[in-house]
Structure formats: structure tokens, C-alpha cells
Amino acid sequence: MRWRRNRAPKAPASLRRSFVTPEGVDLRLELASAGTRASAFILDILILFISLILGTILLGLLGIAQARAEIFLILWLVGAFMLRNGWFILFEMGGRGATPGKRLLGLRVVARDGGRLTGGAVIARNALREIEVFLPLSFLGMQASQGAADGFLTLFALCWTGIFLFFPLFNRDRLRVGDLLAGTWVVNNVRAKLGADLVAARAEQPRRIFSDAALDLYGIYELQTLENVLRGGQDDAIVTVAATIRRKAGLPDDGDDYGFLSDYYAALCARLERAMLVGRRREDKHATTGRR
Amino acid sequence: MSALIDGRAAAPLVNASRFRAAHEGEWDRLDQLVTRMEKRSVRALSEDDILALPLLYRSALSSLSVARETSLDRALVTYLEQLCTRAYFQLYGVPDTATRQLARFFARDWPLSVQALWRETLICLILTVAGVVAGWWLVATDPSWYYSIIPDAMSGGRDPSASAETLRATIYGPQEGGGLATFAAYLFTHNSQVAIFAFALGFAFTVPTVLLLVYNGLTLGAMLCLFAQKGLGLNFLGWLTIHGSTEMFAIILAGAAGMKIGTAVAFPGRYERTEAAVIAGRSAAIAMAGVVLMLLVAGLLEGIGRQTVQSDAMRYGIGLAALAGWLTYYYLPRRAEGQDALAA
Chain A
1 MRWRRNRAPK
11 APASLRRSFV
21 TPEGVDLRLE
31 LASAGTRASA
41 FILDILILFI
51 SLILGTILLG
61 LLGIAQARAE
71 IFLILWLVGA
81 FMLRNGWFIL
91 FEMGGRGATP
101 GKRLLGLRVV
111 ARDGGRLTGG
121 AVIARNALRE
131 IEVFLPLSFL
141 GMQASQGAAD
151 GFLTLFALCW
161 TGIFLFFPLF
171 NRDRLRVGDL
181 LAGTWVVNNV
191 RAKLGADLVA
201 ARAEQPRRIF
211 SDAALDLYGI
221 YELQTLENVL
231 RGGQDDAIVT
241 VAATIRRKAG
251 LPDDGDDYGF
261 LSDYYAALCA
271 RLERAMLVGR
281 RREDKHATTG
291 RR
Chain B
1 MSALIDGRAA
11 APLVNASRFR
21 AAHEGEWDRL
31 DQLVTRMEKR
41 SVRALSEDDI
51 LALPLLYRSA
61 LSSLSVARET
71 SLDRALVTYL
81 EQLCTRAYFQ
91 LYGVPDTATR
101 QLARFFARDW
111 PLSVQALWRE
121 TLICLILTVA
131 GVVAGWWLVA
141 TDPSWYYSII
151 PDAMSGGRDP
161 SASAETLRAT
171 IYGPQEGGGL
181 ATFAAYLFTH
191 NSQVAIFAFA
201 LGFAFTVPTV
211 LLLVYNGLTL
221 GAMLCLFAQK
231 GLGLNFLGWL
241 TIHGSTEMFA
251 IILAGAAGMK
261 IGTAVAFPGR
271 YERTEAAVIA
281 GRSAAIAMAG
291 VVLMLLVAGL
301 LEGIGRQTVQ
311 SDAMRYGIGL
321 AALAGWLTYY
331 YLPRRAEGQD
341 ALAA
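Here the protein sequences line up with chains A and B, keeping their order. For the first sequence, UniProt numbering gives the first residue as 1, with consecutive numbering after it. For the second sequence, UniProt numbering gives the first residue as 1, with consecutive numbering after it.
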């Protein structure tokens, strides 16, 4: 094994995955992070519990009113079974491919091969939830209720849960055991709004002219960082970035930081884009302007 | 060096801006259509919209390709990526409608997936039978084995110390406490949960599944032996058969489904390991869903039929008819895949 020191700081391990559509375009799907998925699961469990409690109360009221306890007991038993096993399966089989918890967080279950999400896959990925979460939980619950939580057994249950619960953290695609078996993964499926066009917004106003030397300071990476700063609109970030650019380019401070940055962005964008069209793509400030 | 302010300078119209101006309308329309499909379903779209959808989708895809190559506006690329992803999953990734899925499940997927498990089913059957024989043999040689095989809660007074009369009373006559339907519902949910475990545990090691099946056989064998020693063997078998034929079959299938996954992970054959697991997992899961339905039927037969149908002949009749029904449904030859789209 060869050790190599990275010159540039290494980017964090990406959750982007190549995903080529039949039309031949790579969509570069973004996998959901383990934290988001855990939150979605907790949300679902909360909703489940609340529906179970509400359902129980409702059935209890009806049962007392009509004194036909048996039917309501049956309804409760079957209802609880359906909630526990059907909740995830039925929602994920629907058109959205997501339970309410996943939907709230903008997640979606997707077949890894890009095909339709089949019923078999959805059932498989959720049936395994039984051994991942419910088995050790009910086991621990049983132990606790008997007041005889055997130390060794508890430890075993905790280890078991640990292995399955943290399984997504040990593989790079954040797969649960259920995902592995069903051939699915969970991706971010958020709705993005198209942000305003930063260049066109400045086009109507008088703008600053920058020398080539000032524009040669930066590459695409810095341009897009600048874009984030402008879209973020945080005052202190804008002041800092504007000061840095002015210092590097040797430009005087004219008191309008936002205007200055917008103009610089527009000019740099136009310049880099023009270079790109003739085949010179400058990734960041460390790259030279020559041909790649 | 200074930054001049020049009001007359031509606007720095970059490619991205022109591009946006030319295509923004299409993207907006696609966005609206996809949003409507996500909120409700494809039926929320008018005929015009449905015709326009693939065109809009393809033009958004090509916009994405162009934007990636020529534009430095990250917000634009991100927006197009997400728009195309959403549209892709609405066009390609969405499952069929619920009714069509259900029809396919009953007509094809369920029996075919059970058929595909025949090897594992046979092994599970052999394991269960071995369990029955072992249970019988153990109790026949030493009745005290009975207490170690069958937990107190399950025996409910049916143990070697009970007289033939008490045993007879447990299989004929009214059930104490009533609540037949509740009992059925409880059995259904409980057995289904166990079957789902047997399936899921199969992935973990397969060993728990095997143990579960053998133990299931052991309890059956022990009880059979107990009743047979009191001369009630055939009567007990009849009492059991009415629901047992369905229930045991379902448990064996659940075990087979688990075993299929376990063996696919252990011996992937020609495929990559995960690939083999996926193929086995998806088809076994369908068989699993079928098992839950079988257990529902078994629960109904057990809770309602068992104590109300008192004659041995009727019990055997119903039980064997159910078994024959399942066997025909599963193993009757079907047309090969691809041909039966019309037959279904």
C-alpha cells in the first residue's frame, strides 16, 4: 500500500452515484444520508404509534358504546398487524415510493437497476425490518417486562441490533440489509426551485469593468463558491469575500459589496464560459489557464 | 488598477442566460406536470399533458446535458438534475396501479414464486416430517420428554398425566371462554409474525429457520404420540387437519422462502453475491406475502371451523380439500412467462 499526502484538502466521501437513463444521460443521483433516513424512520414510527393510540381509543369508545367487545378486539388485532406490516409496504408500493416520513424529508425508494419498483422488492426490504429493529426491540421489551433482563441476553440483543442498525454506515451506498436484499436504495428526491439568473439580473445596470489580471485569479470552483455566497445572501460572508477579492486583485473599496461581487461574478462567469467553449476549462485557482 | 463603472458597456450576456430564456417555459411545464403526478397520479393529467410529457422529459434531459457542458451556473444544473430525476421516476420507476398489481399477484406472481421454491419446500417438508418422527419417537420411549418439548402455556392441560376423557374434551365440544373469532384473529397475526421472522431470519443464517421448522415438527409429533397412546390419534389428526393442512403448508413455505435467500447468499452460483440475493429476495418476498394470506385462511378455519365442525369426516374433508386446493393453485402447470399476459 502506498501512502500519499493529498495536496488539496480532500472532498468528503460523496453520496452521488452515477445513474444513466435509457436516454444515455447520467442523472447523478444523490443517496440519502444515514441521518436523514433514521429521522424518516423515527417520524414514521411516531406517526404509527399515534395512529395506533388514536385507533385504540376510538375502538374503545365504540366498543363501550355498543358493548360488542369481540368485534372491536378483532379489528384492533388485525388493525395493529396491518399498521405494523402494512404501513411501510403499502406506502412504498404507491406512486411516490415513500412513506409519509420519507416524503416529509424528500426521500424516495428506488430500484438500484433503475427499473420499476416491484411489490416483491418493497415486501422484501420491509420484511427484513423485522429482524433489524422489531425483533431485538420486542425481545428487550419482553425481558424488561419480566423484570429479569438477563445481562448476557441483553448484551446479545444490543449487539444484534447494533450490527443491523448501523449496517448502512458500513457500506458506501448506505444500504440497509433490507435494501441489499431487495435491490433498492433510498435517494434524495427534493423539489428545487430554479434560482434567479445572477448574470441577467445585473445586465440592466451600469456595471464595473475588470481587467484580465483580476479575472484570471479564479477558476470554476471559486466561481461556484461565489455563486453560493451570493445566493445565500449573508451579509458577513459577502463582506469577507468582497474584501478578499479586492485585496487579491488590488481594487479599491467602493462601498457596495454586493454590487461589486455580482459584477465580478458576471464578468468571471462570462470569461470562464467563453474559455470553456473553446475547450479551456479551468477547474480552480490552482489550475493554469492552459488547455486541459 | 481599478474597477471602472461603465453604464454603456454591453450586458455580459452569458450562455446560461440565453439558454434559460429559451427553455425555461418547457422546464416550468414539466415541473408542473411532475408535481401533479407526485401529488396525485398520472390520472390527474389531461390527454394533451400525457402526450407532451415524454417530449418535455427528453428536452429537459438534453437541456441538462447541454447545461453541464456549457454553463457554469450551478443553480441551473442542480435544478435540471432534480427536475429530470423526478420526471424519470415518474416515467420509469413508478409501480403499476394497485389493482393491476393485485391481479398479477394472484394470477401469476404468487403461484410462480411458490413454484420456484419447490426444492426448498421439499427440504422443509422433510425437516418437518423428521421433526414429527423424532417427536413421536421421543415421547413414545419416554413420556417425560413431552414436558421439555411442549411449553406449559401451549399444552393447556394436554399432557401425559391427563386422562383420555380430558383429552377428548379438548378436541371435541365447545371451546371454553368463547371468542372464536378473536382467537382466529389472534392466531392469524401471531402466526404471520412468526412466518415473517422465519423468512427474515433465513437471510441472517438459515439456521434459525431450520430450527424453527424442526421444532414445529417436534411439537406436532409429541402431541400426536400423546393422543395416539390414549387411542385418540386419528381424532386428533382430524382436529388438526382442518386448519393444519393450510397452516403447516404456510409455515413450510415461509421456511422455504427464508432458506432460498440464505442459500442464495451462501452459494450465489453464476451471479454476483448481491445480485443472487436480490433475485432470490424479490421472488421469495412474494411467496412470503402469499404465506400471510394462507395464514389468514388458516386462522379463519381454525378459529371458526375447528370447534363448530365436530365430525371427524368433515374435518378431514375440509382440511384435505384445502390442501388439494393449494396444491392445484400452486403447482398446476402454467404458461411460460411472456405468453400469459393475455391469459391472466
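Check the hints yourself; a few may be wrong.
[What the hints assert, rightly or not] Computed Cβ-Cβ distance ranges for the label pairs, DEER-style:
#, chain 1, residue 1, chain 2, residue 2, range
1, B, ILE50, A, ARG172, 32 to 42 Å
2, A, VAL190, B, LEU323, 19 to 29 Å
3, A, SER211, B, ILE50, 31 to 41 Å
4, A, ALA38, B, ARG36, 42 to 52 Å
5, A, PHE49, B, THR78, 49 to 59 Å
6, A, ARG172, B, ARG68, 16 to 26 Å
7, B, ALA52, A, ARG17, 27 to 37 Å
8, A, ALA196, B, SER62, 49 to 59 Å
9, B, SER148, A, THR154, 21 to 31 Å
[What the hints assert, rightly or not] Facing chain A, according to a computed beta carbon distance under 10 Å, are these residues of chain B, among others:
#, residue
10, ALA21
11, ASP48
12, ASP96
13, THR99
14, ARG158
15, THR182
[As the list claims (entries may be wrong)] Mimicking SDA-like on lysine to any residue, the simulated pairs with C-alpha atoms at most 25 Å apart in a straight line are:
#, chain 1, residue 1, chain 2, residue 2
16, B, LYS230, A, GLU30
17, B, LYS39, A, VAL239
18, A, LYS285, B, LYS230
19, A, LYS193, B, TRP145
20, B, LYS39, A, ASP44
21, A, LYS248, B, GLU24
22, A, LYS285, B, ARG68
23, A, LYS193, B, SER62
24, B, LYS39, A, VAL190
25, A, LYS285, A, VAL239
26, A, LYS248, B, LEU45
27, A, LYS285, B, LEU53
28, A, LYS193, B, LYS230
29, B, LYS230, B, THR274
30, A, LYS285, B, VAL77
31, A, LYS193, B, ASP312
32, A, LYS193, B, THR78
33, A, LYS193, B, TYR172
34, B, LYS230, A, ASP44
35, B, LYS39, A, LEU104
36, A, LYS248, B, ARG68
37, A, LYS193, A, GLU30
38, B, LYS39, A, GLY195
39, A, LYS193, B, GLN32
It should be emphasised that the hints constitute simulated quantities derived from the structure, not laboratory data. Since this is a predicted model, take the numbers as computed values, not measurements. Note that the Cβ used here is the ideal one computed from N, Cα and C, for glycine as well.
A quick look at each hint next to the structure:
At about 39 Å, the beta-carbon gap between ILE50 (chain B) and ARG172 (chain A) stays in the expected band of 32 to 42 Å. One distance hint, 19 to 29 Å for the beta-carbon pair VAL190 (chain A) and LEU323 (chain B), is violated here, with the actual separation near 52 Å. SER211 (chain A) and ILE50 (chain B) have their C-beta atoms about 54 Å apart, which leaves the hinted 31 to 41 Å range violated. At roughly 31 Å, the beta-carbon separation of ALA38 (chain A) and ARG36 (chain B) lies outside the given 42 to 52 Å, and the hint is violated.
Distance hint check: the CB atoms of PHE49 (chain A) and THR78 (chain B) are about 36 Å apart, inconsistent with the given range 49 to 59 Å. Taking 16 to 26 Å as the suggested C-beta distance range, the pair ARG172 (chain A) and ARG68 (chain B) conforms, at roughly 24 Å. The given range of 27 to 37 Å is respected by ALA52 (chain B) and ARG17 (chain A), whose C-beta atoms sit roughly 30 Å from each other. Range check, ALA196 (chain A) to SER62 (chain B): about 23 Å between beta-carbon atoms, so the 49 to 59 Å window is missed.
A C-beta distance of roughly 25 Å is found between SER148 (chain B) and THR154 (chain A), which places it inside the suggested range of 21 to 31 Å. Hint on ALA21 (chain B) holds. Least Cβ distance to chain A is approximately 8 Å, under the 10 Å limit. Against a cut-off of 10 Å between C-beta atoms, the interface hint on ASP48 (chain B) is violated, since the closest Cβ of chain A lies about 21 Å away. Here the hint on ASP96 (chain B) is kept, as its CB sits about 8 Å from the closest CB of chain A, short of 10 Å.
Below 10 Å, beta-carbon pairs count as interface contacts, and THR99 (chain B) has none with chain A, the closest being about 12 Å; its hint is therefore violated. Of the supplied interface hints, the one on ARG158 (chain B) is violated, with its beta-carbon coming no nearer than about 25 Å to a beta-carbon of chain A, more than 10 Å. The criterion of a C-beta within 10 Å of any C-beta in chain A is met by THR182 (chain B), whose closest approach is roughly 5 Å, and the hint holds. A hinted pair counts as satisfied when its Cα atoms are at most 25 Å apart, and LYS230 (chain B) with GLU30 (chain A) does not qualify at roughly 67 Å.
Between LYS39 (chain B) and VAL239 (chain A) the CA atoms are separated by roughly 42 Å; this puts the pair beyond 25 Å, and the hint is violated. Of the pairs offered as hints, the one joining LYS285 (chain A) and LYS230 (chain B) is violated, with about 92 Å between alpha carbons and a cut-off of 25 Å exceeded. For the proposed pair LYS193 (chain A) and TRP145 (chain B), the alpha carbon gap of about 71 Å is over 25 Å, so the pair is violated. For the hint linking LYS39 (chain B) to ASP44 (chain A), the alpha-carbon distance of about 19 Å falls within 25 Å, and the restraint holds.
Proposed proximity of LYS248 (chain A) and GLU24 (chain B) is contradicted: the alpha carbons are some 37 Å apart, above 25 Å. For the given pair, LYS285 (chain A) sits about 20 Å from ARG68 (chain B) by alpha-carbon distance, which is consistent with the 25 Å threshold. For a cut-off of 25 Å, the pair hint linking LYS193 (chain A) to SER62 (chain B) stands: about 19 Å separates their Cα positions. Between LYS39 (chain B) and VAL190 (chain A), the direct Cα distance comes to roughly 13 Å. Compliance with the 25 Å bound is thereby established for this hinted pair.
Annotation: proposed proximity of LYS285 (chain A) to VAL239 (chain A) holds, straight-line Cα distance about 21 Å (limit 25 Å). Distance check on the hinted pair: LYS248 (chain A) and LEU45 (chain B) sit about 55 Å apart at the alpha-carbon level, beyond 25 Å; violated. For the hint pairing LYS285 (chain A) with LEU53 (chain B), the CA-to-CA distance comes to about 42 Å; that exceeds 25 Å, so the pair is violated. Straight-line distance between C-alpha atoms of LYS193 (chain A) and LYS230 (chain B) comes to about 78 Å, which puts the hinted pair past the 25 Å bound.
Among the hinted pairs, LYS230 (chain B) with THR274 (chain B) is inconsistent with the structure: their alpha-carbon atoms are about 53 Å apart, more than 25 Å. Note on LYS285 (chain A) and VAL77 (chain B): the hinted pairing holds, with a Cα-Cα distance of about 21 Å set against a maximum of 25 Å. For the suggested pair LYS193 (chain A) and ASP312 (chain B), the alpha carbons sit about 71 Å apart, so the restraint of at most 25 Å is broken. The straight-line distance between the Cα atoms of LYS193 (chain A) and THR78 (chain B) is roughly 9 Å, inside the 25 Å bound, and the hint therefore holds.
For the given pair, LYS193 (chain A) sits about 70 Å from TYR172 (chain B) by alpha-carbon distance, which is inconsistent with the 25 Å threshold. For the proposed pair LYS230 (chain B) and ASP44 (chain A), the alpha carbon gap of about 53 Å is over 25 Å, so the pair is violated. Restraint check for LYS39 (chain B) and LEU104 (chain A): satisfied, since their Cα atoms lie roughly 13 Å apart, inside the 25 Å limit. At roughly 29 Å between alpha-carbon atoms, LYS248 (chain A) and ARG68 (chain B) are farther apart than 25 Å, so this suggested pair is violated.
Restraint check for LYS193 (chain A) and GLU30 (chain A): satisfied, since their Cα atoms lie roughly 17 Å apart, inside the 25 Å limit. For the hint linking LYS39 (chain B) to GLY195 (chain A), the alpha-carbon distance of about 23 Å falls within 25 Å, and the restraint holds. Among the hinted pairs, LYS193 (chain A) with GLN32 (chain B) is consistent with the structure: their alpha-carbon atoms are about 12 Å apart, no more than 25 Å.
In terms of the numbered hints stated before, the structure departs from hints 2, 3, 4, 5, 8, 11, 13, 14, 16, 17, 18, 19, 21, 26, 27, 28, 29, 31, 33, 34, 36, listed from lowest to highest.
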